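Chemist: For reference, the chains in residue letters:
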Amino acid sequence: MTEKFYYDNKIVRNFAVATIIWGIIGMTVGLLVALQLVKPELNMGSQYTTFGRIRPLHTNAVIFAFVGNAIFMGVYYSLQRLLKARMFSDVLSKIHFWGWQLIIVSAVITLPLGLTSSHEYAELEWPIDIAITVIWVVFGINMFGTIIKRREQHMYVAIWFYIATFVTVAVLHIVNSFQLPISAFKSYYLFAGVQDALVQWWYGHNAVAFFLTTPYLGMMYYFLPKMAQRPVYSYKLSILHFWSLIFIYIWAGPHHLLYTSLPGWAQSLGVAFSIMLIAPSWGGMINGLLTLRGAWDKVREDATLKFMVVGITAYGMATFEGPMLALKQINAIAHYTDWIVAHVHVGALGWNGFLTFGILYWLIPRIYKTELYSKKLASFHFWIGTLGIIFYAVPLYFAGFTQGLMWKEFTEEGMLRYPNFLETVLQILPMYMLRGIGGILYLTGVIVMTYNLIKTVNKGVLVANEPAEAMALAQDYAPVGTDRAWHRRLERKPLVFMVLSLIVILIGGMIEMMPTFTIQSNIPTISSVKPYSPLELQGRDLYIREGCVSCHSQMIRPFRSETERYGDYSKAGEFVYDHPHLWGSKRTGPDLAREGGKYSNAWHFNHLLDPQTMSPGSIMPPYEWLIEQKLDTTTTIAKINAMRTLGVPYEEGYEHKANADLDRQAKTIAADLKQNNVTVHSDKEIIAIIAYLQRLGTDIKTK
Amino acid sequence: MFKQFLESVDGSQGYLITSLGIFLLFFIGVTVLLMMMKKDDIKYMSELPLNDEEK
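These protein sequences, in sequence, are chains A and B. The letter at position 15 of the first sequence is residue 15 when you use my numbering, and the numbering goes up by one with no holes. The letter at position 16 of the second sequence is residue 16 when you use my numbering, and the numbering goes up by one with no holes.
Hints are not guaranteed to be accurate.
[What the hints assert, rightly or not] Derived SDA-like pairs: lysine to any residue, alpha-carbon spacing no greater than 20 Å straight-line:
| # | chain 1 | residue 1 | chain 2 | residue 2 |
| --- | --- | --- | --- | --- |
| 1 | B | Lys39 | A | Tyr233 |
| 2 | B | Lys38 | A | Pro430 |
| 3 | B | Lys39 | A | Leu290 |
| 4 | A | Lys236 | B | Lys39 |
| 5 | B | Lys38 | A | Leu289 |
| 6 | A | Lys236 | B | Leu24 |
| 7 | B | Lys39 | A | Arg230 |
Bear in mind the hints are in silico, worked out from the structure with no lab data behind them. These numbers come from a predicted model, not from an experiment.
Next comes chain B alone, as it looks inside the complex (with noise of 0.2 Å):
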């Protein structure tokens, strides 16, 4: 299915391949980020909208 659609792009291979190695690329920064985050932080965030009315 997909060989059409690089059969199409005729010599522009180049910029797909680009295209989706910048998103990799962006995407497994934010992971690896995401990973190093703390689990109190991620709770307290979490729980921010359940708070915003006691005080």
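Bound conformation, chain A alone (with noise of 0.2 Å):
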């Protein structure tokens, strides 16, 4: 019997524009933090614009605000139409929306405080963390809603894509956000060092693989098929790369952490499966591609395909240059360079962005049962957009290569030839420069692509309840002939399908991570490393709140470039007490993991002052606040308990003695600042912090 429901499309539409503020709002403060890096000026003298406080904002707010979005448009409007049934609930479409919307303001709100759990890309802390999940729960609970009442017998690949991850990506963020909350918005992970390290890489990787990529594909075998007006070029090749991309990526993770003190076998590992990775993605571009035969032409006048086309090639370069990047030769050079963020931007800008601009040309027209406004504005913004890219990744590529090359260049006498790391920097500023203007250009593109939107919107009205016809599903379904193959009858058993994309992405994470949990001897223990002291801790955590981890890694590698630059190699011993580990993944600055001792208190006051005067040229903002800060000492006991339940071997009772303590240490850095002539209270909190840069690194140091 045919039954007539309605599809809603005003979720779709609410996802859409949601995907246009925040994407607009998204890549201004990235343009911001550009420039900032051109100009310190930029960073406009407020703790609350620095560079370290707001580069989360902007990479949270375009991964999770303007692509989160942006896949909740994409995943509402093809699982109805490919399942012919309205969404689950509409209530929860609507909290769904809601609370997600509600998760980035809060992030908008909590990053440039400095409430931030240091761990890129997930530093929202615990309780917008617990939102999160809640939300996330919804939309599961909303898409297999409606996967169960369908009435279509069989699920088309996107939406494995989609079931994917759903599953993969509540797994990372439980997992990630294992903390113990010290007070309303500040918690420490669970794990320490080298463990931290790869679960945080784990996530990292993986968020990249399942928020950025296998959402992605599924909207690109739903909504390429429907512009080129083909059904897709291989439906095995689509069934086989989805198995084989899920089951790989989980693994690849670790090559984020080559050369460090990570065991060798989980990097080895890590390096084998990111080579490997290269044949599902390809497998997945070559499948996007191909569905365009004999659609080429359409591409010439099609600026929504236009952008399809280059997205899905920038997939390919991404998914090519990623493996590459994972040799531990090429690592070796491109690793906290620049080489890294253009790599990103081009997943980012050209996959990512340029799907979602296709998609949003081709959807919103549909839903306003109306045409685009301009082909030729469309054009136009394909075209800038382009443009944008090529002039925000050249420069960066160049300047990655010439800075890691600089780094390890030494004179014929067997020194290093650029010993002050400022020089390295200064010799990349205008490549900074040119890659702002890229920005600005794709930036412009996406400012004329919304008015393009507008004035199509503003021609039709939107169809809210788009009617449609289906037949329902029998009840007692007998399969017949081929519907008993395996992989039809998985196509009819959503929850089957969920559970086998679990145990298959788990498996990765499962033999990569038990081992560094579990042996001892993967860790091995420095009798010498002790406990940070309690202002030691608390500076500790103003280093988190200020993002200094953004510009600064603590972790040197075993290259004779490095330990003659920053003395002996990091190991994962040093770090046993590190909730959370810091150890960085971009060096705009240089490694801090030996800064203990190489300077005065006085020049660290001076150049967190303005570190213009210490080293003229700094491209560092000042951080005048610290001096006139208060350091915030009731949370000492409520932090020593902490690490104390977390293993750090402070003795019991410990935590009433902290602040007693905590008192004579700066006391006596307060004392020593006063003898090089800065007069400042020993109670400021860039006395903690001057304690815990003097401390970093000095547990095995060899004089």
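Starting from two chains that each stand alone, build the complex the way the hints lay out.
Modeler: Given below as structure tokens:
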């Protein structure tokens, strides 16, 4: 019997609007942080607008707000149509939409306030983590509810990608959020040092895989055939590429930690699987591009398809480059440089951005029953966007390569050719400027698109509830003939499918993480490594608050070029009390793993007050507020207790003596500063951060 | 080039080989099952997105 029902277009529209608004905001913040690297004055002298605090705002806004909303827009549109059913519950759709926006707003408020967990791409503190979990479950219920009440027996490949996305993001988010709260907006990660780094990059890498890739592949598999008016090139390839992709991706995380203190076998495993990853990634790209076979004449005229073609090509480039960067020899040069920043932006601007724009141009006129306002403007957007990507990526590749080689260059006498780190930064500033121009071009395109879409919307009327008809599924479905085949069966069983996907993604994660967590010999302890003093611990939390980790790594790799510059290479045992680890992933400034004792307290004081006085030309922003603000010592007891719970050997009852110790150490530093003509009261924040910096790497430092 | 990786494994070679083995089995399994799929099914499935508006 044929049933009449209505697709919910309003929720799709809402997510589309949110995509555009957050896109503009996230990219504008991105442009600001990019220009701050050229003109430190753009940090605006306020702690709420310094690079360290708003760089995570940029990454969170573009990943979770722009791309996140775009995913939900694409999923809510395609899922209903592929399953011939309205979304399971309008109420859940609304809760999902508003809940997600609320989470983003809370990020916009907390990150500039310095409330951060410091885990890259998971900076939001624990109450927001819980909110994300709740809203993600709401999304899951809504999606599986729709799948269960569907009118189409089989699940199209796009839906598998959505299911894998749902399951894996849930697992990643939960494991990477194991935190011990110590106050409303402060927590410590359960794991420390090497283990924490492994969890973070298992998460970080797979956030790229299952938030920026799999949902977009699902959207590609739905929207591209729609736009080109022909089925996907090879459905078999899509099955093969789906299962191999989700199986392999999960193993590749350790390639973010090559040459670090992570056990060697885990690094090798990460490298091997990263190289294998080329195959399924390119399987997807080729399947996408070949879907356009015989339709290339349309690409010439249709801006929507142009966006898709360049987007998919960018995916191909980024997924070829990724495995190359995972090779140890290349990673040795590229890691910590702008090469990585260029790499992720080819993916983000090209793949995620362009696919989103293509889908918006295709979808908005359809749900408003009208034509796009201006094809010319869309075409303009395409060209300025493409130019933007080129202007963004090429200078940064050049900058990354240049700086990576400069760090490693020795003179004939065997000395570092550029012993002053700053010299290598000044060399690439023109490239940063060009990158800013790329950003301006790209953002201009987005604004033009927004105008074009507003004009389009004003021309039409939203079909909030689009009528549709389909046969109901038979209650007692008896498979006949080929419907009994294995994958056909699987495609009828969404929950079994979900469990299978879960098993597939868990295999890699378990094999990689279990030994590091269970076998002692993987993290050899060092007897001279002692827990931080209360003042240093407080200073460390200020270092986290200010986002110093955005620009300074704390991980010296075992290369002569690094041991010459920074000191002895980092050992796993040095980080056993680091909840969380602060290894970092980018060196806009020098590594700080052995910063302790390198400079005087007075040097650090003056440098934090105004970096340019100590290093002329430095692009580090000034941190005057550290001198004005009083250190909050009311949290010391909770912090010591929490650390002890996590296994840091502070003796019982030490929490009550901690503040006295803190005071004593602070007064010693203040007295030393006074001797060097710097007068500052010992209860200021700057004292704590100096104490922390002076401690870094000194436990096993050889003089 | 790969010699360097294998040397740095420190007796954990078994680990690497096992992992690759698991993947190989998995990959061959999916491929075999794929080859057993029928042409008609494939055609039906691949046209799902195109058939979702007419009715």
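Chemist: Determine for every hint whether it applies to the structure shown.
Modeler: Here is what the structure says about each hint:
no., hint, in the structure
1, Lys39(B) / Tyr233(A), "14 Å, holds"
2, Lys38(B) / Pro430(A), "58 Å, violated"
3, Lys39(B) / Leu290(A), "19 Å, holds"
4, Lys236(A) / Lys39(B), "10 Å, holds"
5, Lys38(B) / Leu289(A), "24 Å, violated"
6, Lys236(A) / Leu24(B), "18 Å, holds"
7, Lys39(B) / Arg230(A), "17 Å, holds"
The structure fails to meet hints 2, 5 from the earlier list, while all remaining hints are met.
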